[in-house]
Amino acid sequence: MKRSVFLLLAASILLAGAGHAATRPHYGGTLRIELRAPLASLDPAETEISSAAQSAQEHIAALIFDPLVRLDEKGAAQPALALTWQHAPDFKSWQFTLRSYIKFHDGTPFNAAKAVESLLKIANPHWRVRAEGNDSLVFESDSPLPNLPAELAQMRYAIAHGSGNAISGTGPFQVASWQPGKQLVLKANDDYWDARPYVDSIEIVLSRSLHDQMVDLDLGRADLIEIGPEQARNAVQEGKRVVASSPNEVFALVFNPEKALVRDERLRETIASALDRVAINNVLLQKEGEPSGALLPQWISGYAFLFPMAHNLERALQLRGEIMVPATLVLEYDFSDPLAKAVAERVAVNARDAKINMQALGENLGARGSSADLQLVRVRFASLDAPTALSNVAATLSPADAPETRAASTAAQVYRAESAMLNGFQIVPIAQVPEAWGLSGRVRNWMQPRAGGWKAADVWLDVSQGADSHAEGRP
Amino acid sequence: MYQGTTGSPWLSAMGEQSEKVPKTHGRYRALAPVLGILLFFLLQYSHAQSTPTNWNEAARELARQISEKAGSPSTISLTIKNSSSLPNADVAEIRHTVETQLSSSGMRIVKPDQSVADLQLTLSQNVQGWLWVAEIHHGTSSEAVLIPVFTRQAPPLPGISSTITLHKTFLWAQPDATPVLDVAVLGGGSNPNALLVLDSSMVSLYHAQQSHWELEQSQPIARSKPWPRDLRGRLLVGHDRKFEAYLPGMKCSGSADSGLTMECHSADDPWPLGTNSDGPRAFFGARNFFTGVMTSGIASPGPFFSAAGAQPDSKEWFFLQTSNQLHFGASASPGISGWGSNVAAVKSNCGRSWQILTTGTGDYTQSDSVQATEVEGSAIAPAGAPVDFPGPVTALWPASDSNSAIAVSKNLGTGKYEAFSLSITCR
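Protein chains in written order, with this note's numbering: chain H, 1 to 475; chain R, 1001 to 1427.
Hint data in this document are derived by calculation from the structure and do not stem from the laboratory. Errors might be hidden in some of the hints.
[What the hints assert, rightly or not] Simulated crosslink set (DSSO-like; lysine-lysine; CA at most 30 Å straight-line): (1) R:Lys1251 <-> R:Lys1111; (2) R:Lys1225 <-> H:Lys455; (3) H:Lys114 <-> R:Lys1225; (4) H:Lys355 <-> H:Lys259.
Bound conformation, chain H alone (with noise of 0.2 Å):
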């Protein structure tokens, strides 16, 4: 009796400092994920085009498939299914060796020949791949290549093996069945290679609202639901475990250079000045973003406050009255984005204030040609090294090829080439916006990326929060 006593004392005196310290992870348990994008495929050469389900796709290819290489938190170059790598001077022709003994998981040995088979999906213009050996992979280009490793770390050149419901990957999971649209069940690849993941599987729900995500993590019926940056703050208050990354997406206007409406610099620069950044991120973006006349985000680059982005009415009225103003110009965003609808609106506002009459207009971007004037489009960085991020923002924003982003590699070049972009306001940054993502109170080891996504391998489940059983002892 004197010792369970002594004992309970001790353990509630420690007890007091829980929350301070470490448990060893847990292996078993099911992590049940939500999303709302309506993922129809899992092939990771394939273009998503809205931003939700960019990351969506980002996110659940990283759970099935390795890249080459990956980028730390720093943004240096990591070993993943290639060991090491190396380049010729001027950086136009690069060998990767590969590692051994690695297989997908449905038992294809992988090689070099499966990489190039892969990577040969995206089609990159740049440069070109092959097979060396059975373990070595050599790209070559007409055109330096500095950022190579950061491009290949991006899950778009993710390794893939087979297509459509039978594709396949080297990644901590594997795919145990997959209704496209609705539901993915994965299971922990036993023999990863980097380590078998905590839990046994995961479920993913598609498809599902926010409001439903919220719901079903408030019953306990979900693990990790996406929560959108503007309501970040309010599920925090709420009680709710909160998690976000570093702003990984920017919001911009981009002007139709097919528009004659808006070929006139000065009223493209009139609507700019009349944006009030700070006042979309105080209001609409609930203070979780970072107003900004850059693309990238000061975290990544170091100089995006080199580029204005203060609220200039009076230069805005000075503009309007030296230019032909159109009668209406015609703003679109992305209908299923709701936060894209309110910045969108938020513009229209800032325009008219300047008497610029602007329509914002609902539509489903990149499903046709847009006839709009302007469009507000969100695009993900998907890197956290700043010139594949850069160039992927160029990529969706100027389809125009421009060689000085993709051969830039210094944050001197980095900045000339994003200046240039920004160059004659055909370009119009607002603010960038992390991803936030809600937890249930069982999901342990949750570490957040600086860039976004999960390290879904490293999380585990606390059992005694409710749903699973422990599985225990399996190796």
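We have chain H; now place chain R onto it with these hints.
Then chain R, alone, in the frame of chain H:
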């Protein structure tokens, strides 16, 4: 060519922090050899942290680029804005360095109303490190110059406090992100002359030089199967410098006597739980816990993360089960919830001569602490203040001298693994 980083981090000789180390006297005298070890490594580590970043190179490049962009103006004004996490002392140092470099390049620093050119230098940072952003206004033109600057790693300083009974002393920082599983100090006494480090890919032998640990030799651990996540491993070193390394499904045997020799083979041999090869052992599973099957007549309550003897030569042990319950022996009574996963026994001359160290109940995303506890019979109660770690404690094993324990922690600031010696003195 990309290569993994290896080699020893710079430690150092006596440094500016020596006055912070408590003197050994009175009741501490018996622990002088231990404190000698602590002092040796503390001083080495603390000096390593004070190695200044060389701003000169960046300042020289800045002056060169200003000359190029602004045509070597005879006078220039300088404004510095700190938008980074640099402390004020570094900002002052940078200002001095930049002014010196500009002067050396023939540019006189003057007030803005007297200058030919104006330089606004913003000390910024990005994902890779510091970034100096210089905006040069010269006549009607403006240009920006961006200079990345080598990043200084600044892990927090460990320290010895004279007011606590549990001491944490830095031993080792892994140069890369490879997980350290266990370390062992060789040489002992006040002359710790070598360090054996077990990580997920090799065993490495380092020798203490005057100013740093120098890698003498490494032996790779070849494996045919992937390691489990949350890999664990244990080093057991004998007085003759022969050692054994235990990993899931593998055992290595070797010697650090003259150079480093080692052979590894697949094996499910039970791992030692104590400080020598004669003590109790337990079988380790294929993941991150012991199966619960013991040798030496000790009974366990089932699968557990770690265990420690309640008394010297005791047949009854405390077990931290995989359910994070503390269990005494193999009794059928339910364990006590709310404990962490690691426990180790340490011998001291305080209290009942043996204390048990425990970690706490967060996960690997949180800072951690180790708490000393006193054992009375089968009961256990906290003793003294805990010591904090800037990340989770991923390994806690008793050291071969029994007077200390080895704690390995992943520093959440640097992402690297650090090993510490934990010992206990009396107040």
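Against the structure, the hints come out as follows:
| no. | hint | result |
| --- | --- | --- |
| 1 | R:Lys1251 <-> R:Lys1111 | 70 Å, violated |
| 2 | R:Lys1225 <-> H:Lys455 | 22 Å, holds |
| 3 | H:Lys114 <-> R:Lys1225 | 22 Å, holds |
| 4 | H:Lys355 <-> H:Lys259 | 20 Å, holds |
Of the numbered hints listed earlier, the single one contradicted by the structure is hint 1.
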